[in-house]
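Top to bottom, those sequences are chains B and P. Just so we're aligned: the first sequence equals residues 1 to 360 in UniProt numbering. Just so we're aligned: the second sequence equals residues 1 to 408 in UniProt numbering.
Worth flagging that the hints you see were computed from the coordinates, not collected in a lab. Beta carbons: idealized from backbone N, C-alpha and C, even for Gly. Heads up, some of the hints might be wrong.
As the list claims (entries may be wrong) - Listed next, with one range per pair, are the computed distances between beta-carbon atoms:
#	chain 1	residue 1	chain 2	residue 2	range
1	P	N332	B	V260	58 to 66 Å
2	B	H292	P	A281	26 to 34 Å
3	P	V112	B	Q88	50 to 58 Å
4	P	C384	B	H229	48 to 56 Å
5	B	D184	P	D302	30 to 38 Å
6	B	I78	P	R182	47 to 55 Å
7	P	G125	B	A168	53 to 61 Å
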Amino acid sequence: MLQLSSPEEKCQQLLEPPYDEMVAAHLRCTFAVSNHDFVEAYKCQTVVVQSFLKAFQAHKEENWALPIMFAATLDLRIFANNAEQQLQSKGKGKVGDMLEKAAEQLMSCFRVCASDNRAGIDDSKKWGMLFLINQLFKIYFKINKLHLCKPLIRAIDSSNLKDDYSTAQRVTYKYYVGRKAMFDSDFKQAEEYLAFSFTHCHRSCQRNKRLILIYLLPVKMLLGHMPTHQLLKKYDLMQFADVTKAVSEGNLLLLNEALVKHETFFIRCGIFLILEKLKIITYRNLFKKVYHLLKTHQLPLDAFLVALKMMKVEDVDIDEVQCILANLIYMGHIKGYISHQHQKLVVSKQNPFPPLSSVS
Amino acid sequence: MTYNCLTTGDQSELSLRQVTSEELLSTRPMNKTAMSSAWHQSRRGRGHRHKEQGRVTRERVEEQRAEDSVPHGTCMTMCPAYELRQREAQNRLHRFEMVADTERDRLPRADVSRAVKEYSRPAAGKDSTRASDLRPPSVLLKTACHLVDDIAASSTFQPWAEVYSFVFDRLRSVRQDMIIQRVSGPDCVAVLEKSVRFLLYASYRLCGQQLQYFDPRINDTHLQECLSWLLESYRDGKHQHQEEFQALSLLYNLGSTEAIQHVLELPERIRSSPAVRLALAVSRAHMERNPVRLLRLAQRLDFIQVCAVHRHLLPCRTDLLLLYSHGHSSRNCRYPLQRLARLLFLKDTLAAELCQVYGVNVTGEWVNFSKSSFTDAVSGELQCRSMHEPLDDEQWNCSAGSVIHGCA
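Next up, chain B with everything else stripped away, as it sits in the complex (with noise of 0.2 Å):
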């Protein structure tokens, strides 16, 4: 009976502006749904959420709507999710557009809540903002519009509430913004933020854990720290076993070998360009190796050519070698420099190789 395609005379009749308009969308909105029209429901969600936003502005001093904001804006995205998911599958309609709108539209209602300067902390709408962060979170990722997270990691920054939204909140937020800063190469940053959200997510809530840890991984990785077996197996993860062996033998070949493995999953996630960032810790890993075999400080740089060759790692020679021996060296990760002459590589005498955690 709520299902109708054309309520608005009824709600008319029922209700003051803009409440009309907004249920009158609500019912057809159903009413799409129902019928499997999601394109047609994004449609009329908008204009819920446009209302809504009408009689949101006009309430001073009140944030009693707040969970209805959260209701409606969700819904918004979820609709344009599944429009243009349906749209792609007819071949119709350009990744992104209809996500883009979407979070027009939610920047509207953050503008609404991050502006609420008057009222109480208990009656302000600034309790609205995380939320809406994350939802807009969650679009920007999925467009890859990341340099739009900026200002609203900023406006949260400079909140006095940051720190007393809701855990959940926080755990979605920190999960986010640790992506983005493994994104920008941040990784110290990243590891705070991921670390934050793996520890304060339930722990019944397997799948959003698993999650964080997905993105966890690789940055402690490159830190310099290997997760135990056991976690993988408790996450299901144990795609990363192979190549976190790999990592700490130093073993090229099985990195490559691991990667190419599971190449799918790890390019669905977002995350193989940061593993293969891998390597040059396991060039270093390697080079550490030797020079632990051969006990001298001042190292043939054949040696590595051989180690190298001894990887499977085809197609290098000596000034390849040289190459990545600057870079480790230009990064910190050795300490000492090459005399191309003697063809030596001459590391310091103390701690040549400083732990990875120290660097980078």
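Place chain P on chain B using the hints.
Using the frame of chain B, we list chain P on its own:
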């Protein structure tokens, strides 16, 4: 003050809503949806400063309501008759469009077989959707072929900077016609592929020219637009040259995580093609910060691929100097200049010059690396151009044809 406003917020029915004057007058985006999209559209046209500066972009056209019919061109010549007569009468023909031997007349005559529709900025009051002014896809492809094959690739027209300017403008107009008519499919792909090859070639040939003849940033903007449109078009159906252009896009955007991620998500068949594999290898060398490997792999690229990647090669070379300045930093050690030049794939003299600009000490045949002496040069001191193959106009023209035709 509130007004009753007929809006078409819901596309299936008109509804009467009350709109405040603030909403009507406000230009803030959050109020955009409170007004009819048509009303907002007309505001956009009237000289409002927008980032796109009034360009007809794909997004804007898609915003037009569904009930608008898509224009279908009927102009079967490369230049619409109306424009041809107008430009001829106003002496606004380009040199390449004139009948031979009339160039120096007071009013040169237009050669119908060579005149091409100009690009013109959309403006309020100007109707760019008149069918008689729009060229259908088959004509657009013919036009693109004429521009690239007969003019850009030919050695008859000098100087090439003028050729570039003409072809650039006319190709832009071709793409504009495609946008207005929402052309897609094989013709669209063919036009875009030709545009990309042309723009890539130009970016190499005219690299370092004065800004008035060639602006690399403008060339880059158009190149990126064409590439993203082309890659988007590749999503549907099979395309003969897709591998080649996926590789070119990756090389042109060397270092871009987005570009690499895009290639990694391509179907296995395309990813394993030789062109894409090579481009990925170059990309990997760049990511691993191994300039020695990168420059070596670059030797295996064909000419158009070099055009795509060349702007990244100078930064790659300076990176090598930076890494070696740290890795080989020692007061007593020396590195042979000749060997360094070979690694850089430059002549000895040019290698020495590069070192000098970046603060790397060269004495005779020897280089002394020192991490404290390397300095990041002010950009512009050493031009990318000096690293190019030194070809004069004639040598360029011989290769132009084969390069641009490429996948004819």
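Hint-by-hint comparison with the structure:
no., hint, in the structure
1, P:N332 to B:V260: 58 to 66 Å, "violated (44 Å)"
2, B:H292 to P:A281: 26 to 34 Å, "holds (32 Å)"
3, P:V112 to B:Q88: 50 to 58 Å, "violated (44 Å)"
4, P:C384 to B:H229: 48 to 56 Å, "holds (50 Å)"
5, B:D184 to P:D302: 30 to 38 Å, "holds (35 Å)"
6, B:I78 to P:R182: 47 to 55 Å, "violated (29 Å)"
7, P:G125 to B:A168: 53 to 61 Å, "holds (55 Å)"
Comparing the model with each earlier hint shows violations of hints 1, 3 and 6; every other hint is respected.
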